[in-house]
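Protein chains in written order, with the numbering used here: chain A, 4 to 316; chain B, 16 to 237.
Misleading hints may appear alongside valid ones.
Claimed, not checked - Keeping only pairs whose Cα atoms sit at most 20 Å apart, straight-line, the calculated PhoX-like set for lysine-lysine is:
#1 Lys32(B) to Lys22(B)
#2 Lys147(A) to Lys272(A)
#3 Lys215(A) to Lys213(B)
#4 Lys5(A) to Lys224(A)
#5 Lys65(B) to Lys22(B)
#6 Lys213(B) to Lys147(A)
#7 Lys181(B) to Lys118(A)
#8 Lys288(A) to Lys215(A)
#9 Lys215(A) to Lys267(A)
#10 Lys132(A) to Lys118(A)
#11 Lys272(A) to Lys224(A)
#12 Lys184(B) to Lys213(B)
#13 Lys224(A) to Lys213(B)
#14 Lys181(B) to Lys213(B)
#15 Lys118(A) to Lys213(B)
Read the hints as simulated data drawn from the structure, not as lab findings.
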Amino acid sequence: MKTPVQTQLQQAIAAGRFALTLEIGPPQSPNPEPLRQKAALIKGLADGYNVTDNQTAVVRMSSIAASKIILDLGLEPVMQMVCRDRNRIAMQSDLLGASALGLKNVLALSGDHQKASAAGKLQGHPGAKNVYDIDSIQLIATIKGLRDDGRQEGGDPIAEPAPFFIGAAWTPLGTPRNFRVLRLAKKIAAGADFVQTQAVYDVPAFAAQVQKARDMGLTDKAAILAGIIVPRSAGMLSYMDRQVPGVEVPAELIARLKQAKDPKAEGIKVTVELIQAVREIPGVKGVHLQAIEAEELLPEIVKAAGLSPQDRG
Amino acid sequence: MIVAEWKPIPELLASLKGHKNVLLVGCATCVAECAAGGEREVLTLAPVLKMGLKDQGQEVNIITRTLERQCEPEFVEELSEIAPQVDAIMSIACGIGMQLVAERFIDLPLYPGVNTTSLAIREQAGLWTARCAACGDCMLGETFGLCPVARCAKSLMNGPCGGTRKDGKCEVDENTECIWRLIVERAEAKGRLEDLVKVRPSKNWSNSGHGGPKRMLREDLR
Ligand code: SF4
Ligand code: SF4
Numbered sequence: 004m005k006t007p008v009q010t011q012l013q014q015a016i017a018a019g020r021f022a023l024t025l026e027i028g029p030p031q032s033p034n035p036e037p038l039r040q041k042a043a044l045i046k047g048l049a050d051g052y053n054v055t056d057n058q059t060a061v062v063r064m065s066s067i068a069a070s071k072i073i074l075d076l077g078l079e080p081v082m083q084m085v086c087r088d089r090n091r092i093a094m095q096s097d098l099l100g101a102s103a104l105g106l107k108n109v110l111a112l113s114g115d116h117q118k119a120s121a122a123g124k125l126q127g128h129p130g131a132k133n134v135y136d137i138d139s140i141q142l143i144a145t146i147k148g149l150r151d152d153g154r155q156e157g158g159d160p161i162a163e164p165a166p167f168f169i170g171a172a173w174t175p176l177g178t179p180r181n182f183r184v185l186r187l188a189k190k191i192a193a194g195a196d197f198v199q200t201q202a203v204y205d206v207p208a209f210a211a212q213v214q215k216a217r218d219m220g221l222t223d224k225a226a227i228l229a230g231i232i233v234p235r236s237a238g239m240l241s242y243m244d245r246q247v248p249g250v251e252v253p254a255e256l257i258a259r260l261k262q263a264k265d266p267k268a269e270g271i272k273v274t275v276e277l278i279q280a281v282r283e284i285p286g287v288k289g290v291h292l293q294a295i296e297a298e299e300l301l302p303e304i305v306k307a308a309g310l311s312p313q314d315r316g
Numbered sequence: 016m017i018v019a020e021w022k023p024i025p026e027l028l029a030s031l032k033g034h035k036n037v038l039l040v041g042c043a044t045c046v047a048e049c050a051a052g053g054e055r056e057v058l059t060l061a062p063v064l065k066m067g068l069k070d071q072g073q074e075v076n077i078i079t080r081t082l083e084r085q086c087e088p089e090f091v092e093e094l095s096e097i098a099p100q101v102d103a104i105m106s107i108a109c110g111i112g113m114q115l116v117a118e119r120f121i122d123l124p125l126y127p128g129v130n131t132t133s134l135a136i137r138e139q140a141g142l143w144t145a146r147c148a149a150c151g152d153c154m155l156g157e158t159f160g161l162c163p164v165a166r167c168a169k170s171l172m173n174g175p176c177g178g179t180r181k182d183g184k185c186e187v188d189e190n191t192e193c194i195w196r197l198i199v200e201r202a203e204a205k206g207r208l209e210d211l212v213k214v215r216p217s218k219n220w221s222n223s224g225h226g227g228p229k230r231m232l233r234e235d236l237r
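Given the sequences, and given the hints that come with them, work out the whole structure.
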């Protein structure tokens, strides 16, 4: 039995509007103020706001707490949940708690390995023990069980279903590429309602993967939101092309930013063009837009890209 | 085989502080295969310890032995004559062998000389890589003979994470293959990619250490 779910994001998708999600990273501090300031900057723009769960394995305010804080400010959170730090008992308990707090969108992820936490400037916790009791696909199935089957993963009933709109991540251009559409199929079979992708710069390659998904009927079962990360410089793009798994950046795009007099402004132009291009791909139902460490640019980009609420249908 | 590696020498020296007669005992099985605790390593380590302690002003007499298998009581018994002559034992067998020695010679302090790390194979000369994590619910039949529990950094059950590097290596180590990439390639080579599409449900970990210390009882053998 499918439990009815109502979230702003789900309704936007169901109504055929072009959906927009943005991202808010919780602070490395118990002070909610920076979170509130970020939220104020981007409130009213999107259908959902991803709240990351100790991204790159760096300790931050919990995604549940941060989600609740922005919910109270009138932003609809997409609570991320990774499989690295909690077992199925803790995750289900947190899901019931999140539901009780009014959180309705949840995005299931494997999560960055704790070794990643020491990759940057921070020390992180590379000596931590990870959990990985269940993987992201099993987490999706577990959330679906709490929602549609009224039961926990172990089989015990829950008194009332937890109405979650279930999200997943997809790396369409990841290695090994010909498995990536099948991996998407698994996530959707497990229960994903919407999917946010890794950053898209190579639109034809992305479109080809979406086409395969469409041929398998996957785009009718779940909404694909194309990931767009605002490029700031040629250096950033070539780094992503070389180092970030699943991200392919066409050489022309890197050259274009290199030649630009004002790379930041050019990056915004590129972003607007990318958004318009993915919007044309049949099966793409929205975008997940990120401006890393430049959230103040988002209102301008959203407007320029025709993604203001009134422009999205 | 069970794979172990030497602890840092300063750690070994620190643990032997104050001892005068130490029995250094190795094992001729797994740890000999991985060049951590066999006869050769016992004979190499003994003078290193002796000299290291001497530099710190401590004279120590190190007696060396290498047992056929340190995880079998019959072989451990071979130490019973020498044990009364020492005031400490350092074992460079795996953690299993060490515990048997510690249990048999309960009055003597037992110091681990190695860290036991994995169930692995010697992939090339001088390179050992993990193969099994003793999960108690073997799924090799579904993954074309490649273990994602021990060989995927996240023990994923349903395919590769988004972190597989462009060259097919794992996100956590540029020298380690993404095992899921290899599983997918093997499936493809056999024309059975479809076999990997079925969602594998949450695993039952209770037949491994997660279900409490393993105790395998075979009534027919008692
Ligand atoms: S699936 Fe389990 S038992 Fe089988 S090889 Fe992997 S860890 Fe060992
Ligand atoms: S890159 Fe491959 S082996 Fe490494 S964690 Fe991801 S799926 Fe596992």
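Results of checking the hints against the structure:
Our distance criterion of 20 Å between C-alpha atoms is met by lysine 32(B) and lysine 22(B), whose separation comes to about 16 Å. The hinted pair formed by lysine 147(A) and lysine 272(A) fails the criterion: a straight-line CA distance of about 39 Å is larger than 20 Å. The suggested pairing of lysine 215(A) with lysine 213(B) holds, with an alpha-carbon distance near 18 Å, which does not exceed 20 Å. Straight-line distance between C-alpha atoms of lysine 5(A) and lysine 224(A) comes to about 14 Å, which keeps the hinted pair within the 20 Å bound.
Our distance criterion of 20 Å between C-alpha atoms is met by lysine 65(B) and lysine 22(B), whose separation comes to about 16 Å. Of the supplied pair hints, the one linking lysine 213(B) and lysine 147(A) holds, its CA atoms being roughly 17 Å apart against a limit of 20 Å. With a C-alpha separation of about 19 Å, the suggested pairing of lysine 181(B) with lysine 118(A) holds against the 20 Å cut-off. Proximity of lysine 288(A) to lysine 215(A) is assessed by CA-CA distance (about 16 Å); at most 20 Å being required, the pair is judged to hold.
Between lysine 215(A) and lysine 267(A) the alpha-carbon distance is near 34 Å, which puts this suggested pair outside the 20 Å criterion. Restraint check: the Cα-Cα separation between lysine 132(A) and lysine 118(A) comes to about 10 Å, which is no more than 20 Å; the hinted pair holds. For a cut-off of 20 Å, the pair hint linking lysine 272(A) to lysine 224(A) is broken: about 32 Å separates their Cα positions. Taken as a hint, the lysine 184(B) and lysine 213(B) pair is broken in the structure, with Cα atoms around 24 Å apart against an allowance of 20 Å.
Distance hint between lysine 224(A) and lysine 213(B) is fulfilled; the C-alpha atoms sit about 17 Å from each other, no more than 20 Å. As the CA atoms of lysine 181(B) and lysine 213(B) are separated by approximately 25 Å, the hinted pair breaks the 20 Å bound. With a C-alpha separation of about 30 Å, the suggested pairing of lysine 118(A) with lysine 213(B) is violated against the 20 Å cut-off.
Checked against the numbered hints above, the structure breaks hints 2, 9, 11, 12, 14 and 15 and satisfies the rest.
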